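Undergrad: Start counting the sequence shown at 24; every next residue gets the next number (my numbering).
Note that these hints are calculated values from the structure, not bench results. Quick caveat, the model's predicted, so the values are computed rather than measured. Keep in mind that a hint or two might mislead.
What the hints assert, rightly or not - Below are the BS3-like pairs computed for lysine-lysine, each with C-alpha atoms no more than 30 Å apart in a straight line: (1) K27 - K39; (2) K27 - K96; (3) K27 - K97.
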Amino acid sequence: MKPKSPLSLQLYQVLKERGYSEELADLITRNLNTDFTAGRMLGYLSHYSILPDTEIVDEMLAILAERNRIMQKKELEAANASWNAYLNQQFIEDDEEEE
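Starting from the given sequences, assemble the full structure and let the hints guide the process.
TA: Next comes the structure, spelled out in structure tokens:
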């Protein structure tokens, strides 16, 4: 598994300072181990003083689902760009053959 980012380590400290168990803080930061995902959770936590464990886990799952959608979108955009480049190259080659 990827090492924890600086924001992920900060998230761990925030969770511990708010009285959440070490086990929960570790679970959350093992899954939200990038600055993007940990930053999203820190933003969420900034709106509340205390939340039930289940709500924190639910938000973690929502953040991970969002991250997966973003990654999938980027993969599809890259595939589409490659396909368009291929089609453009075919069009140029066909045009050169006609001349």
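Undergrad: Give a verdict on every hint.
TA: Results for each hint:
1. K27 - K39: Satisfied, since the Cα-Cα distance of roughly 16 Å is no more than 30 Å.
2. K27 - K96: The given pair, whose Cα atoms are some 24 Å apart, holds under the 30 Å limit.
3. K27 - K97: holds, 23 Å
Figure legend: structure checked against the earlier numbered hints; every hint is met.
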